[in-house]
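Participant: For the protein sequence lines, the chains are A and B, in the order given. Position one of the first sequence corresponds to residue 1 (the working numbering), numbered consecutively onward. Position one of the second sequence corresponds to residue 1 (the working numbering), numbered consecutively onward.
Think of the hints as simulated: they come from the structure by calculation, not from any bench. Every residue, glycine too, gets a C-beta built ideally from N, C-alpha and C. Among the clues, some could well be false.
[As the list claims (entries may be wrong)] Chain A stretches covered by chain B per the calculated footprint, using a threshold of three residues with CB under 8 angstroms from any CB of chain B:
id : region
1  : 286-299
2  : 311-320
3  : 387-395
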Amino acid sequence: MTDVLTVDARHQRLQQEWADPVGWRSLAAVNHTTIGKRFIVTALIFFLVGGLLAMLIRAQLASPNSAFLDHDLYNQIFTMHGTVMMFLFAIPMLEGYALYLLPKMLGSRDLAYPRLGAYAYWCYLFGGTILLLALAAGVAPDSGWFMYTPLSGATHSPGINADVWLIGVTFAEISAICAGVELMATILTMRAPGMSLDKMPLFAWYVLVTAAMILIGFPPLILGSILLELERALGWPFFEVARGGDPLLWQHLFWMFGHPEVYIIFLPAAGMVSSMVPVFSRHPIVGYRWIVGSIVLLAVLSFGLWVHHMFTVGIPHLAQSFFSVASMLVAIPTAIQFFSWIATLWQGRPKFSLPMLYLAGFFFVFIAGGLTGVMLALVPFNWQAHDTHFVVAHLHYVLVGGLVFPLLAGVYYWMPHVTGKMPSPRLGRYAFWLVFLGFNAAFLPMHLTGLVGMPRRIYTYPEGMGWDSLNLLSSVASFVMAAGFVLLILDVVMHAFVGRRAPRNPWGSGTLEWAMRTPAPSYNFASLPAVDDRDPLWHDPDWADKAATGRGALGAHTAGVRENLIVEVLSGRPRCVARMPGPSMLPFLAAMATGLFFVCLLFKWYAVALVGVVLAIAIFVRWAIVGGLRASQSFVRDVLGASLDTHHARRGAPGEWGVSLCLLADAALLAALFFGYVFLWLVAPAWPPPAWVEIAWLPTLAALSALGLVLALGAMGGSRLPRVPQAPGHEADQGKGQGDARETQQAVGQGTQQAVGQGTRQAVGQGTRHGTGRRFLLHWVCWVVALVSVMALARHAPAPEVHAYGAVTRVLYAYVLLHILVAALILGVTHWRAGNGFFAASQYGLDARIYAVWARYTAATGMLVVLAVVAMGVAA
Amino acid sequence: MMRTRFNGFALMHALSGLGVWALCFVVLYGGLTIGCQSAWAHRTLGPINAVSAGLLLAWAVHAGLLGVMLGRAWRRARHDGRLSRLDEPASLRADQQVASGKTSLSAEAQDTAFVRWLTVALHATAFIALVALAAPVLFLTPCV
Chain A
1 MTDVLTVDAR
11 HQRLQQEWAD
21 PVGWRSLAAV
31 NHTTIGKRFI
41 VTALIFFLVG
51 GLLAMLIRAQ
61 LASPNSAFLD
71 HDLYNQIFTM
81 HGTVMMFLFA
91 IPMLEGYALY
101 LLPKMLGSRD
111 LAYPRLGAYA
121 YWCYLFGGTI
131 LLLALAAGVA
141 PDSGWFMYTP
151 LSGATHSPGI
161 NADVWLIGVT
171 FAEISAICAG
181 VELMATILTM
191 RAPGMSLDKM
201 PLFAWYVLVT
211 AAMILIGFPP
221 LILGSILLEL
231 ERALGWPFFE
241 VARGGDPLLW
251 QHLFWMFGHP
261 EVYIIFLPAA
271 GMVSSMVPVF
281 SRHPIVGYRW
291 IVGSIVLLAV
301 LSFGLWVHHM
311 FTVGIPHLAQ
321 SFFSVASMLV
331 AIPTAIQFFS
341 WIATLWQGRP
351 KFSLPMLYLA
361 GFFFVFIAGG
371 LTGVMLALVP
381 FNWQAHDTHF
391 VVAHLHYVLV
401 GGLVFPLLAG
411 VYYWMPHVTG
421 KMPSPRLGRY
431 AFWLVFLGFN
441 AAFLPMHLTG
451 LVGMPRRIYT
461 YPEGMGWDSL
471 NLLSSVASFV
481 MAAGFVLLIL
491 DVVMHAFVGR
501 RAPRNPWGSG
511 TLEWAMRTPA
521 PSYNFASLPA
531 VDDRDPLWHD
541 PDWADKAATG
551 RGALGAHTAG
561 VRENLIVEVL
571 SGRPRCVARM
581 PGPSMLPFLA
591 AMATGLFFVC
601 LLFKWYAVAL
611 VGVVLAIAIF
621 VRWAIVGGLR
631 ASQSFVRDVL
641 GASLDTHHAR
651 RGAPGEWGVS
661 LCLLADAALL
671 AALFFGYVFL
681 WLVAPAWPPP
691 AWVEIAWLPT
701 LAALSALGLV
711 LALGAMGGSR
721 LPRVPQAPGH
731 EADQGKGQGD
741 ARETQQAVGQ
751 GTQQAVGQGT
761 RQAVGQGTRH
771 GTGRRFLLHW
781 VCWVVALVSV
791 MALARHAPAP
801 EVHAYGAVTR
811 VLYAYVLLHI
821 LVAALILGVT
831 HWRAGNGFFA
841 ASQYGLDARI
851 YAVWARYTAA
861 TGMLVVLAVV
871 AMGVAA
Chain B
1 MMRTRFNGFA
11 LMHALSGLGV
21 WALCFVVLYG
31 GLTIGCQSAW
41 AHRTLGPINA
51 VSAGLLLAWA
61 VHAGLLGVML
71 GRAWRRARHD
81 GRLSRLDEPA
91 SLRADQQVAS
101 GKTSLSAEAQ
111 DTAFVRWLTV
121 ALHATAFIAL
131 VALAAPVLFL
141 TPCV
């Protein structure tokens, strides 16, 4: 019911509506605040594990000829240190920050896909757990965190160690992709009214670009992991020279991910810096537009650097110079950001609070790491320093400087937001100096040990090489740094109990996350007032009161409905109202089923793995069916003078964004696969072997025709399946769930409009019902023909165990087949929902639009794959 | 006055210049690899190697395309800049007008100004990055 509520009463009602369940039912939690905190805490635990492994490494290297660890265990430890820190700490920690903060900064109540966020968390937890259990069992990966082939192949790594890495990391990467989709869609569509792109907080820009980079950068590694696992498990040769593969293909795929990964880690951390510098300078950021431009530029350039990790593998000098140029260019957008931060400090009145101390550490350490990065971008120097401790020092300066120091600044800055208590300045300062001095004393000497020739990844070294004292210094200092982290964690834990109560907005920030009670309520904002400045709380100090007293959009609370505002991408104008899903066990169960699949793959229990697949599909289908709205759940809301309807009735709904963004990642994976196809064609001798190339024209033409027809139907509007059959009694559902007076009025208004259009609609409905049925039938026929044809083509391809050509061709066809099956699944769900009264008679269903996006992509890429194989056959 | 269309495609347009740079990067890297595997590696066209000539030609096509895109983006940004200077700063009032369909160009011009600026800036920096890519092709011997 809508009525005049006190602030506390409004708070209680919304809190009840949006809160997550407690006890064992908290497994069903989906709220972004909960999920974000879970990510952060879990990543912190992994960080402690990674840190412990680092201490073991330093203990081993402290003295020459050390027998503290043997080489097998050392290999596992340094591999796991890199893997844990990169995949299980850095990315998830930043995602956790983003998931927690972004809706609050954007003036939104939640993320676009709360259940997807929960699924991402469980995948991350289970994937990471696989890796840690393997470490405890003594079968952890031991081929280095980049798993170079042939060392990681079945011949040289016969145990399950490498499989653990490939499966565990891929599982965790599913989490990153899900989070990427979620973050991007949220930033683009769910903001406070009036928050146009140029008024978004810079942190949102950084995360937007990072999320896009995750979607494009992670798939090459996922593909590489799939290919390597296929080679290890089934003997399909992708990286084995004797059977037409090439080990350099792995390096390319790995570093296509690996170098952007550095910026994926750096950018959100830089976003934190851009959030904090203006606050402590007491001045708006200088050069907002330049920073936005530089973030985008940095992201794109970072995809042109990957070969600078491969300068010593024998690539022509001219090709190396392309990557060298790009590596140096990337310094420019980085410098733009630094100059903007310096200019902001210069123009403002800086106050040196605790987070600023850590930001100063960031400036010093990251610039040092950036400078050695420019040195390594130069090919002749790179040849000298490659695979030495100089590189170890450089990467730690970049990652600790670019990630850990901003993160620690962020811990102190946002700690009052999470706990409602202020941190201790004294302990925080002690911790900083221990970390800062310990870090520099540990890693600065590594530049020197590297320059005098100490290689990476050696488990011990003889006396008299000139490395002894420098290594001892590094080891002692690393324990000093560890003491600093212990002190910091102690401070964080203690402040929650003994810290003084934090006032609202304790640092005087201008961004919206501080316009709420702390600790943050589950619904974030009781209403969503308009925003017309980049620092809304500086521009409009009453914004928080307006929000709390319901003087913004969606201020009228409706029992049983979680509402959030969707805005236009560029302008931030209100577009429609999202009806958000509540807690559910489905994400947890889906992650369990996915985990079952991965664990079975690990132990080669393929029959049981199939059970996992079936279970996962069943859960996802259930998720799709119960997650989608019924037409009867539509409503109309008055938002800032405009009548807005529910999201599923409008084009550009979050569901469509989500599928499109998933397909962006999907396309990146296919592009990486094509890269491998062309790479082997160019590099491997006699590829493809002419004797094995035979084009099966009949299935080729059948597949092209069926897929082409799906595309053509899309072009004519057919694949949108717009006018879906209407179940009897549908109209009777209209008006359900519309509780308050205004809604009733609007429903009445709608009813009038419906009555006016009823005759027309009935006529159209009768006319289209048969047409719709025919369209469904046509699509089913197309998919069946395409499926059978592509299966025939796959069967016709050369045996995948014999030569890489056969293996790659099979993978290409498998890609198409998988997409056809998913298209059929979506069509089936749409068909079922259409027949069960989920859609209004004249409405373009969101399901149908999602199906159309997937169907077009599948048809287009399917045709591309078939044509690519034909082209290769003709060329051979 | 026609209402400007606001959607995600404007952002994609802003990225298109960098897309041309990325395409050129791939074409140069891939072209070099293919060229060095072919008979062209040992041919010359006047003073330069045939592979280098091909790469320069490919580079010039991309540079020309990006130049045209930059020019168009620049003209549109200047045009919008003139319009937006006539208007008041974007405000909620203007947003409400647009939401309810009673709009003038003012709020929309404000909204697009940022993306137009971003488009010009990214196209320009993409062009600079493209020029930097040409230097090695001019000064280094391919296939070594």
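Participant: Now tell me, hint by hint, if it's right for this structure.
Facilitator: Here is how each hint holds up against the structure:
1. Counting residues of the region 286-299 of chain A whose CB falls under 8 angstroms from any CB of chain B gives 6; the rule of at least 3 is met.
2. A count of 4 residues in the region 311-320 of chain A with a Cβ less than 8 angstroms from any Cβ of chain B is obtained; the coverage claim is therefore met, three being the minimum.
3. Counting residues of the region 387-395 of chain A whose beta carbon lies closer than 8 angstroms to any beta carbon of chain B gives 0, which falls short of the minimum of three for the stated coverage.
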